[in-house]
Structure formats: structure tokens, C-alpha cells
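A.B. asks: Take the sequences, apply the hints, and build the full model.
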Amino acid sequence: MRKNIKTGTFYTKYTRAASITLAAGLIVSGLAGCGFSNIDSAATQPGNTIVSSETSGVADNLTTGVTDLSDKTGASMTSGAVSSQAATSAANRTMGVCGLYIYDEASGARRFVDRTYASTWEKGRDIMCFEVFNTREASLPGKVFKYMWEPVWFTPDDAAKYRIGYAVDFTLKDGTKIHKMLIEPEDTLEYKKYMEFYMYDDYHQTPGVWYSHVEQSAYNSDTILTSIKFTAGQEYDKIDGKVTLTAFIYDPAAGQFDKAGNYTGSVYYSIDVVNR
Numbered sequence: 081m082r083k084n085i086k087t088g089t090f091y092t093k094y095t096r097a098a099s100i101t102l103a104a105g106l107i108v109s110g111l112a113g114c115g116f117s118n119i120d121s122a123a124t125q126p127g128n129t130i131v132s133s134e135t136s137g138v139a140d141n142l143t144t145g146v147t148d149l150s151d152k153t154g155a156s157m158t159s160g161a162v163s164s165q166a167a168t169s170a171a172n173r174t175m176g177v178c179g180l181y182i183y184d185e186a187s188g189a190r191r192f193v194d195r196t197y198a199s200t201w202e203k204g205r206d207i208m209c210f211e212v213f214n215t216r217e218a219s220l221p222g223k224v225f226k227y228m229w230e231p232v233w234f235t236p237d238d239a240a241k242y243r244i245g246y247a248v249d250f251t252l253k254d255g256t257k258i259h260k261m262l263i264e265p266e267d268t269l270e271y272k273k274y275m276e277f278y279m280y281d282d283y284h285q286t287p288g289v290w291y292s293h294v295e296q297s298a299y300n301s302d303t304i305l306t307s308i309k310f311t312a313g314q315e316y317d318k319i320d321g322k323v324t325l326t327a328f329i330y331d332p333a334a335g336q337f338d339k340a341g342n343y344t345g346s347v348y349y350s351i352d353v354v355n356r
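Residue numbering for the sequence shown follows the numbering used here, beginning at 81 and increasing consecutively.
These are computed hints drawn from the structure, not numbers from a lab. Just so you know, even glycine gets a beta-carbon here, dropped at the ideal spot from N, CA and C. Keep in mind that the hints are not guaranteed to be accurate.
What follows is a set of in silico ranges between Cβ atoms, one per label pair, in the way DEER data are often shown [unchecked claim]:
1) F337 with D302: 14 to 22 Å
2) K223 with T344: 33 to 41 Å
3) D237 with L269: 33 to 41 Å
4) F234 with R191: 16 to 24 Å
5) G288 with D254: 42 to 50 Å
6) T344 with E266: 15 to 23 Å
7) T251 with K223: 36 to 44 Å
8) Y299 with F234: 16 to 24 Å
9) G188 with K339: 43 to 51 Å
10) T235 with G321: 35 to 43 Å
11) K223 with D338: 36 to 44 Å
12) R191 with A334: 25 to 33 Å
With a Cα cut of at most 16 Å, we get these calculated EDC-like pairs of lysine to aspartate or glutamate [stated by the list, open to error]:
13) K272 with E202
14) K257 with E270
15) K257 with D317
16) K203 with D317
17) K223 with E270
18) K223 with D184
C.D. replies: Right, here's the structure in full:
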């Protein structure tokens with residue numbers, strides 16, 4: 081176990097079984113997909129809710145020429161969670177679907193985030209960790225992330241070639257619009273004074289062993305950034321109310337980025353992370 085490079089401060093995180101001590105940003109492999117420096121998991125703190133929205137929240141700068149927001153299977157990206165029966169079909173267990181989930185510590189299940197996640201932000205405190213699955217089932221039971229994620233992700237024969245990336249978009253109160261692609265750990269540093277982003281490879285871990293977010297020195301072609309954690313930065317209050325998070329699945333060899341570095345593929349999902 082090692083200290084989080086951000087603070088090195090130790091906090092106490094409570095689970096149903098026992099109280100355990102951990103470093104901010106460290107997580108035990110197999111439970112929540114990424115860790116919280118808050119005393120309690122943000123999934124169970126009062127005031128944190130998932131709110132449905134009729135708007136897609138897809139970042140305007142993310143893609144070029146994408147207007148219907150449909151995935152490769154033809155399912156509308158604005159339809160939200162799909163039924164359990166539909167989600168377990170072969171069509172929905174392909175790389176044509178991308179969904180964002182949060183870990184509910186009370187139930188031990190992952191819950192699909194339907195367009196909006198709202199909570200009260202506090203400087204230096206974790207907001208939530210969002211995990212990427214290639215499905216949009218409403219709930220995914222099970223506690224060990226690796227054993228839940230692996231059979232879903234590797235359903236397609238060519239699944240091993242795919243990777244996960246993120247884009248964040250937000251507007252400052254002075255009108256400045258910020259768009260940032262997060263492909264590697266170093267990409268998270270530019271706007272950390274507003275919002276800190278920590279990306280995790282939850283798959284390449286040994287269940288039961290502590291680990292931290294991926295650092296640039298450890299990032300390589302095998303890394304799969306399966307989750308991203310939001311922590312309010314020192315100047316978070318300059319953000320005008322929300323950050324739009326887009327997760328996308330891409331093939332590094334397929335040329336799915338334009339000259340500006342924006343994702344041009346069609347397998348993505350967006351939510352608004354809202355300060356209320």
C-alpha cells in the first residue's frame with residue numbers, strides 16, 4: 081500500500097463488515113471501482129442523488145458529424161438504462177454500448193447513472209467515482225469489480241484491443257468554456273485547480289490488494305482506464321454548476337481521433353455531474 085501522491089493523508093472508510101484505514105485515492109481491489117478520501121463512500125452520503133434528465137449531455141466538442149447519438153446496435157443513446165433482459169442479449173454485450181455506473185456500497189451493486197448525478201461539492205473532497213461497462217443494464221450485482229467487469233467486457237472476440245477514454249466539458253462563471261480529452265493520466269493535470277480527476281485501471285489488479293490511481297509513469301498500452309474519480313479542486317466554485325463527463329470506447333489502431341485529438345467514434349455515453 082502506498083500514499084496517494086495528492087495529499088498522503090490517511091482517512092477512515094467504513095464498510096458493512098468493518099472500519100478500515102486507507103490513503104486518499106487508494107482502493108482495495110474488487111470492491112468499489114475507485115476510492116474515496118471522504119469518510120463515507122459518496123454513493124451513500126446524504127444529499128447525493130442520481131437524477132434523470134431528458135437531455136443527452138453529450139459534449140458538443142467531443143465528436144464531429146455525430147447527430148443521432150445512436151450506438152452501433154441502433155439503440156438510442158438517450159434511452160437511458162435498458163431492461164435486464166435486453167441488456168443481457170448479445171446485441172447489448174458488444175462494443176457498441178457504453179454506460180457509466182456508480183458503486184452502491186449498501187447493496188454491493190453497480191447502478192447505472194441515467195444522465196445526471198447531483199451532489200453538493202466541497203473543496204478537496206471526493207464527489208463520486210464513475211465506472212465504465214459496455215452495457216446499460218439498470219443494475220449490476222456483485223462486489224468484486226474484476227469478476228463483474230471481465231465477462232461483460234470480453235464478450236466480443238476482439239475485446240482485448242479496445243480501450244476507454246474520457247472527455248470533460250464545463251463552463252466557468254466568467255464564461256470561459258473548457259473542453260479536455262482524458263486519454264492518459266497526464267491529461268488530468270491542466271485544470272486540476274477546478275476539478276481533480278483520478279483514473280483507475282481496476283481490471284489489472286489482484287482482488288484484495290490496495291492500489292491507487294494510474295500515474296503517467298505506470299501507464300502503458302495494456303492499461304484500461306475503467307473508472308474515473310471526481311474531486312472538487314481548490315477553485316471548484318468558479319465552475320458554473322456542472323461538469324459534463326463523456327466516457328468512450330475506442331480502438332487505438334483505428335484512427336478514431338481527429339487532428340485536434342477529439343474522439344470521432346460512435347460508442348460513448350455522457351452524464352452531467354451537477355453541483356447543487
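A.B. asks: Does each hint hold? Answer for all of them.
C.D. replies: These are the hints, each one checked on the structure:
no., hint, result
1, F337 with D302: 14 to 22 Å, "holds (20 Å)"
2, K223 with T344: 33 to 41 Å, "holds (36 Å)"
3, D237 with L269: 33 to 41 Å, "holds (37 Å)"
4, F234 with R191: 16 to 24 Å, "holds (22 Å)"
5, G288 with D254: 42 to 50 Å, "holds (47 Å)"
6, T344 with E266: 15 to 23 Å, "holds (22 Å)"
7, T251 with K223: 36 to 44 Å, "holds (38 Å)"
8, Y299 with F234: 16 to 24 Å, "holds (21 Å)"
9, G188 with K339: 43 to 51 Å, "holds (44 Å)"
10, T235 with G321: 35 to 43 Å, "holds (38 Å)"
11, K223 with D338: 36 to 44 Å, "holds (40 Å)"
12, R191 with A334: 25 to 33 Å, "holds (31 Å)"
13, K272 with E202, "holds (14 Å)"
14, K257 with E270, "holds (14 Å)"
15, K257 with D317, "holds (15 Å)"
16, K203 with D317, "holds (8 Å)"
17, K223 with E270, "violated (34 Å)"
18, K223 with D184, "holds (10 Å)"
The structure is inconsistent with hint 17 alone, although it conforms to all the rest.
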